[in-house]
Structure formats: structure tokens, C-alpha cells
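Number of protein chains: 2
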Amino acid sequence: VSYLPKLKFQVKEFEKWNLLHFEIENPITPNEIHTISPPKLHGTKGVILSGRGPIWLYCYLAHYYHPTKFIATYDPREGGAVVVESHTPEFKIGDIIKIKE
Amino acid sequence: VSYLPKLKFQVKEFEKWNLLHFEIENPITPNEIHTISPPKLHGTKGVILSGRGPIWLYCYLAHYYHPTKFIATYDPREGGAVVVESHTPEFKIGDIIKIKE
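Here the protein sequences come in this chain order: A and B. So for the first sequence, our numbering puts the first residue at 727; every next one is plus one. So for the second sequence, our numbering puts the first residue at 727; every next one is plus one.
Hints listed in this document are in silico derivations from the structure and should not be mistaken for laboratory results. Worth double-checking, as some hints may not be accurate.
Since the list can't tell identical chains apart, any single copy or any two copies may satisfy a pair.
Okay, derived cross-link-like pairs now, BS3-like style, lysine-lysine, Cα gap no bigger than 27 Å in a straight line [to be verified]: (1) Lys738 / Lys826; (2) Lys818 / Lys766; (3) Lys732 / Lys818.
Isolated chain A (complex conformation):
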């Protein structure tokens, strides 16, 4: 069986976080979750998740990167990325991080 990639990941490194953008190239179902291989990211920085995808995928990725400094999810309605978990007082849950490209 040939392997059809479901998700494409792109990483942009910033001073205090990695911006992880994903694109769903082929429809992905929950039972295929193990076929995706999120990139290794430095735990010394936070991770900002960005991309159009279902809630379960976001929650999975947030948990996947749990050992990193903090996790935020990009939400255009909030004008930035919302911190949803954190291990550093510098970024608190509920903070909004404006991402400057």
C-alpha cells in the first residue's frame, strides 16, 4: 500500500516559540492519527499551532507538544495565538500572542 501523506507541516522559528503550521492535504480520520509525524521541536521554546483542522487534531497536537515551554493555538478571531497551557510565568494561560511574520 502506498502511503498518502495527510498533513503537511511547516515550522517557522521565532525567538521564544516555534510556529507550527499544518495543512490537511488529504482528508484525515481519527484512526489515521498515528500516520502523521509531527516535527520534533525544541522544548525550550513554546509551540504555536496554526492551521485549519478539527478540534480533535488540535487537542492531539497540543498534547503531543505538552513537554514544551508553552502551547498556544492560533485563532484569527482573537488576532493572535491563545496560550492554552504553560510551564513558564512569561506566558500565561489566556494570553494572546501577536505573531509578527
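Mind docking chain B on chain A? Use the hints.
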């Protein structure tokens, strides 16, 4: 200042999980995340999150209940709740749990 409740929680206990349904009664912004008080739930069972809300709220709640047996997020498109993290081999990441009311 009078306190305006933002989220209403409802818990239904099942044999192996608690179904936590939330409703956003008043628009909630990320900086108000600390005003919500999710109910205490037994860690010996899983938690299924359900409700219409933003991704950051789901990720926050998933992390909040991280110490429980497993976390799943209800997704009507998948016909059930998708397991997004688990500490038990009985429920694996990517499994779909059909909720019978």
C-alpha cells in the same frame, strides 16, 4: 462588579467516562479563561468534552483534565468522541467512542 457566568457545565456520568457538556452563555474571551471553573471530575474515569466552542477553549479544557484516564472530544462529523490523549490501553488515541444517551 457583578459576575456574569460565561460557561454552563453539565456532567453525565457513564461507566468509564464523564461526559462534560458545556454551553457558552455569554461570549468568552481568552483573558477570562480563569473565571471559568470546570467541575471536579474523577480521574479514574475518562472525560469526554462536548459543546460548541473555540479550539483554544477545547485545548484548555483537555489540558485541565489531563490527569484523568483519557480525554476525548465529541465531534458530530465523526459520529462520536475522538480520543486525543490516554493513560489506559483500553482507549487508544484516535479511537472513536459512540456515546449512547
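Cross-check of the supplied hints:
1. Lys738 / Lys826: This pair counts as within: shortest intra-copy Cα distance 11 Å, inter-copy 43 Å.
2. Lys818 / Lys766: both (23 Å within a copy, 22 Å between copies)
3. Lys732 / Lys818: between (32 Å within a copy, 20 Å between copies)
The structure shown violates none of the earlier numbered hints.
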